[in-house]
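A.B. asks: These protein sequence lines are chains A and B, in that order. Going by my numbering, the first sequence opens with residue 1, and the numbers climb by one from there. Going by my numbering, the second sequence opens with residue 1001, and the numbers climb by one from there.
Don't read these hints as lab results, they were simulated from the structure. Treat each hint with caution, since some may be false.
Claimed, not checked - Simulated pairs of lysine to any residue, SDA-like, Cα-Cα distance not exceeding 25 Å:
1) Lys1164/B - Glu115/A
2) Lys1099/B - Val63/A
3) Lys73/A - Ser1296/B
4) Lys205/A - Tyr1153/B
5) Lys73/A - Ala1196/B
Said to hold, decoys possible - Pulled from the structure, derived: some chain A residues nowhere near chain B, Cβ distances all over 12 Å:
6) Glu44
7) Glu70
8) Gly203
9) Ala274
Glycine included, each C-beta is placed from N, C-alpha and C at the ideal position.
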Amino acid sequence: MKRTLIAIALLAALPVAAQVSEPMSREFKLPLLEAPFTKASADEAANAYAKSFATLVMTTQGVEIRPRAEFDKEREVRFLDTPGTCALRGAGYILRERVYRQDYRVTLKTRSADEAWVRATRLDGPEASVKLEEDVVPPGTGKLSRSATVRIVPRQAPRTLAQAAELFPALKRLATSDAPLEVVEGLKVKETVYKLPDWRVAGVKFEAGLSVWHAASDGRLLFVESDFSYDVPQDPAKAREVAEKAQALFAAMQADAAWAGARTQTKTDFTYGAAGGKFCKP
Amino acid sequence: MNRLTKTLIATAVAAIALPAAAQNVTLYGVADVGIAVTSFDGQTLTAVRENRTARWGIRGFEKLTSDIEAIFRLEGEIDMGTGTSPDGLFYRQAWAGLKTPYGIGRMGQTKDLFDDLSEYIDPFRNDGIFGDYSKRAWRVGVAKSRVSNSITYEAPSVYGLQFKAQYSVDETPTGVGASGWSVSGVYAYRDLTLLAAYDRPTLTATGPQGDAYVLGAAYQFGPVRVSGSYNFGNLNNATVKAPDTELSAYTLGVAWDVGPGQAKAAYSRMNSNVGDVNASIRDLSAIGVGYDYFFSKRTTLYVIGLYQGDGQYDSGTKKFIYGTTLGAQVGITHFF
């Protein structure tokens, strides 16, 4: 009987281990032209874009969605790094704060092109919500990234590498000195996020949004980005079907001359170069 | 059966059962305790008590299809002073239901839709020594904290507008009680919140069935949130020949993000058209001030001050003693 029970105890764990495959999402990001958002209010421009986007979804996915952008949230966004050295970026990370009133969310994200390194890098920490995703940028280049987000209160906002390492143990290797963290390029962004309607392909939910960046200091329009994302299904046939639909939509978005921007930077690259890249220079 | 065999059986059962259960079931709760000192009619009372109701609960879901989930919640209250559960094991919440793209439907013991809206208006959320009074004003003698034997539907939020409806079965023979129902609507867009609700609570004995409604609004001016509401309750609703007993109340609230926490103040006023009758049917006015220091996202230290100027009902002598109540409360709230 003991042997049977031991066997049950051990075998019961096996299917769990065998089934574990890390869930992954894909997020497609397209910078948009700023002009429509300077000529009209952000709300009006977002709704005008939503009409165009709904047409593209109909054309490429065969799904009808409401042609409307719904205001989702407004928050301040800033990236943190060590001035003069950019130790985080140098080590393949970005550290981002998103703040709405007393609600602080700090995200540590990999930004390395080395997929094996990203897969092997663990960002788990106390209270961290971790995800693995592929960021896809024009024309269709995918880059794997892992991110971890923690919710904190203002008192806990990291202002040194050592404090950041308390939130994200993966940074302990870097936090050999108590190097200060400052806002990259001094850029504080007021981010307005709009939600575009969801749709489904082969039972897989697609979510879409629009983010508009203004400088918090003077209200200048900085960046507009349209995005959509989905969780990759485990079934390979379904994953392929969904990926093809996503590619078709992303290609159509890029071909939409009325909205697609010529910019090739990501928001992170834009931020690190916002003041000519002075922040990282010694 | 020896100890090793028992251990192996327990391990085998846990190994089979836990991975499945752990994926979708969450244990959660609030541990809140502090000290409150109140002074009235020359007497000072010191009590170990809560601000946010201490509670523990289990919630979970099972994905049935890509669109539909089965959901459940069981939640009980804890008296942190004595470690007991005052109102039954899962008095606060005990329900199960379905979550679909067309809304959430659930059945069982749950929060009253009308009462649930108070957190949009009262920065003290009807809790603590100020909440002892503000919740009476909010409920205007009619609404209750919890609803039994209920069926609740929560519509999806569309463009910031969300409706909810609740029906509760009285479970009494014909002609004795009456089923209750309530509806609520909240519109939230950017910094503005508007709300309204109507409540006709279940009647479980013969008698008049009261009703209540509330209208409220809140606006966020940068770091400052300002809120206000008007509540009206009719306790006998013209079902008896005596004049209606009516209570009207308003609540004004301010919450201000200051430093690493939030300062808050609120004023609750209730007027009774039949004067002071008991603890619920009465005139009252209360002012609360307080500060929450957010130590972490899970732990808050708080301090609350109270002024209440319309006396107290003595349930022993069944008489009102008029005078001023002053109070202070400090404590800690921890969410897990």
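A.B. asks: In ascending order, which of the hints set out earlier in this document are inconsistent with the structure?
C.D. replies: 1, 7, 8
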